[in-house]
Amino acid sequence: MKKQLSKILALGLSLTMFLTACGAGKTSTKTEETTTGAAVSESTTGTAEAGEVFVIGNPQPLTGVNAQVGESANMAAELAVKVINKEGGFNGVPIKLVNYDDQGSPEEAVKIANKMIQVDKVDAILGSLTSSNVLAAGGIYNEAKIPTIGTGNSPTWMQQGWEYVFRAGLNTALSMPHVTEKMLNLDVKKVAVFRGLDDAAKTSAETFIEEAKKAGIEVTTIESYTEGDTDFSGQVAKMINSKPDAVFCSTNGPTQAIFAKQLRQLGFNKLCFNREGIPVDTINVAGDAVNNWVFAYPYVVYSSVEEAKDPEMKEFLELYYQAYGVMPFHDCAYRSWDAMMVFWEASKIAGSNDKEAIKDAISKIKDFKSLGGMLDFTDGTREGLHTLNDYIIIDGKYLDFNEWIKAGNITKLAE
Amino acid sequence: MNLRLKNAISNRKKDLIILLVLLLMPVFLNVIHFEYAFTIVSFIFIYIIAVSGLDIVFGYSGQISLGHAAFFAIGAYGSAILHKYTHIPVILTMIIAAFLAAVIGAGLAYPASKLVFHFLSLATIAFGEIVYQLVAQSPYEITGNFTGFFTESVSIFGYKLNTYSKFYYFGLISVLVFLLMKNNLIKSKVGRAFIAIRENSHAADGMGINVRNYKILAFAISAFFTAFSGGMYAHCVKFISPDTFMYKQSVMFLTMLLFGGTASRFGPIFGAVSVLILNEALRATEKYQLLIYGVLLLIVIVVLPGGLYGAYQDVAVKFRKKGVNKC
Amino acid sequence: MIIQILVSGLVLGCVYGLIALGYSLIYKASGMLNFTQGDILTLGAFLGYTFYGVFHIPFILTVIIVFIIMLGFGMVLEKGIISKLVAKGTLPIYTVLATIAVSYIIQNGSMLVWGTQSINFPRIFHVTNIRILGVNIQTEAFVCILVSMICMVSLHIFMKHTRFGTSMRAAAMDPLAARSLGINVSLATGLTWGISAAVAALAGMLIGPLYGVYTTLGATIGRKGFASAVMGGYGNMYGAMLGGAILGLVETFTSAYISSSYKDLVAYILLITFLFIKPTGIFNERAIQD
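Protein chains in written order, with my numbering: chain L, 1 to 415; chain S, 1 to 327; chain D, 1 to 290.
Worth double-checking, as some hints may not be accurate.
Only some residues are given here: those of chain S computed to face chain D with a beta carbon under 8 Å [as the list claims (entries may be wrong)]:
#, residue
1, H118
2, A126
3, F127
4, I130
5, I301
6, L304
Computed spacing ranges between beta-carbons, pair by pair [said to hold, decoys possible]:
#, chain 1, residue 1, chain 2, residue 2, range
7, S, S155, L, Q160, 39 to 49 Å
8, D, I64, L, E87, 56 to 66 Å
9, D, K278, S, P139, 23 to 33 Å
10, S, F150, L, K145, 13 to 23 Å
11, D, L61, S, I142, 52 to 62 Å
12, S, E141, L, K214, 20 to 30 Å
Hint data in this document are derived by calculation from the structure and do not stem from the laboratory. Where is the CB? At the ideal position from N, CA and C, for every residue including glycine.
Okay, chain L solo, but in the shape it has when bound (with noise of 0.2 Å):
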């Protein structure tokens, strides 16, 4: 019995010297890392002061089925990183990034803030895209008094009532009442429904359907689908068995393409509602499928710089193609970018890069122009986005749908 214990105990204490060591090593290789950019000093107050780097923790999914969203949007951290050390970085600091792969899992995104958190020493946090992971480690973050901007999109991670954590991005919330006054405006009175179970298309689909309900559209039938699932025609045939005007459909990854190819093959030539913008994957997958599927949201992922009308937005276009040669490949791009730019923008205000006073300019900024139109943080609620705009997709090319409706397209339709 002694000399099990004995045994246990030694091994308990060999393998944390070593895991202490390990750690110890990382820290320093870490140290060096840094010096390249500028001398660090050990401060572990984690204020930034003269000579130190501003160091934005961005844990995105890399690996799974939202990694190459990921990939773009830290492709336009990168791209912000650079830009703002251009102009001389944080109030004169130089900034940096440290990239995590949260592989879309909550438990990684806890350890991964606590990891970031205590041994990178971030100043602030920048992601992640997967609202879920927001949520699991949302919490940390405000613990530790660090402003995070979120880059998802569910209204969940924000109902939390953290103080420190932000969104320059859309809340999927905010468009389901206007997603459901334009139905209203089309004639649209019964719709159906199709949702993932993730947090953020469950949540999206939840308060769609609260928002019909008070419109007073009636939600034919709620069909849902498991990650994975690669045949939906139950769901479609109850879907149009019910006799819908309109479908809504909250979903995410490569199920989108899949569904409404069925959703056509059998047989729905009527409009469908996304939640949030449609990428160009699923175009490309989908083909005349997604003809006439309308989404609102603030922008759209465009194919070449040309095709975009916003200066913001075609600036950052060419930005972003000189660097890497190709576009955009999500909208999550635009959603780093964004924060990036409102962080940049409270240190300005803030003259300084203390966590606390970032925290409080971001509060105070208002008509800030950026890729998703303008944003105002005064309202307290922490958001900042607060406009859409429509779109419809038709013969693979994101279209304006109220110039759309104008043009009359609307009764060729119904013919």
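Keeping the supplied structure of chain L fixed, place chains S and D upon it in accordance with the hints.
Only chains S and D this time, still in chain L's reference frame:
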């Protein structure tokens, strides 16, 4: 006589020193500002218990399970939900949930015990998927479904273990208790029956061992271990979501066990530590992680079928030649 | 509408069936479980996309090329890893875990090569739809069902009525006796793994145009394929297809008439129920119990 006494004393001394160092480790970690180590060590403690549970059913009694994430989930959600609605202290809910998992484990093992190896793995996969589906799409959303579930931290006499450094001691004590429990179990009559079944179930039957009952018992005990660690996980991370309890988690447990070495006292420790450290080390390589992981796993399977601990023993045997104490 | 659900269910069922066919074949020939089938399906779909969609090689030729590549892949997998482990006398679970490791490698590897976005697999036929019983059926869906049937029958004939198939079965039943009869046991088992991989890749190319191609395409299908194999009777070719068809239909009809939330639950409950109550499956295939 004199020598034995001396040995005993020096052993006790060694124990005390090691215990002291483990107890003081947090202070040291705090001094060098490496608080993050607590996170990893806490996860190591949790996984050691979970993998030890799997070792009882797989390593000792020779039954495969590719669904242990289900017991992990039952422990985590069981305890969290129980605490939310009854406000029973967290440690108690963890134990209750672990007992619940043991009962469910026995219920699964009763029909499963007659299946051969391969099909037992399929049955456990199905069981794991069913539990996952129920957790992810629970009636009345009592598990929070895909949105996740915030949990309370463990509190002992009103003292909340709400940071990883406070959790450290709780984890350390739990690991010691569970490892001693496991060791005593293996040395007992029950443990010998498990091993007999693993070696040859027909012969064991002939020896008068009730094979089926012992198989069920192995599953139940194993479920208890893994579910308790699930409870620890839930109240340590303070947020759970179905993602953590997917099929790949079951594979992870098994990987840790095989990595470390099966049917040994230290295999689960070696496995949990090496795989978790590997995960940390591979974090830098981001998107190649799964690939490297697969390759390393393959290498270990092909080159080191005894796991790390087996390899360590081989080396130790070579050094010591004779008179090794067998583990 | 019901006919369209039926067809969708059958297409899905055929895909499960083709995967299950591979499981049965491998089990019959070497008594092993193979967890890579689902990811081989993904790999096949990606390869098919590369040859057909990127290099514009005619589809039939693409199928043949990918079939041969994956046949080789399966054999290399067996020769390089599985048979080595078996020769070393390691526990069967190590071979199972080795296949899981390989499936991780394929998943991550194909992500690195083809990226994570879903890719459009171009249409195979110019005719979009075929009209059957007054309902439009996508041509690819129809072909998927047809090809699966052909696969099943030809594999069955191959195993039961050819010299090679007989030697494969003999090798599985009693490798020692088979070897003494001059049967090349090693080649026979290698070939079964090859054929299974090739069939899975074929399934991937068939569903590519229907579902698009992405890295996690085959993962779920692979696991549900086990349910099909067990339901039909593990090791039985017709059983695998029948089990697949049942599973596909049950899934689609559950989501159409009950609730889509219970679809996966039903699939796994079917698997566990069959294992516990009727482990020999519909076709009463023995050798599943201890």
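Hints violated by the structure (numbers, ascending):
Numbers 6, 7 - these are the hints that the structure violates, sorted from lowest upward.
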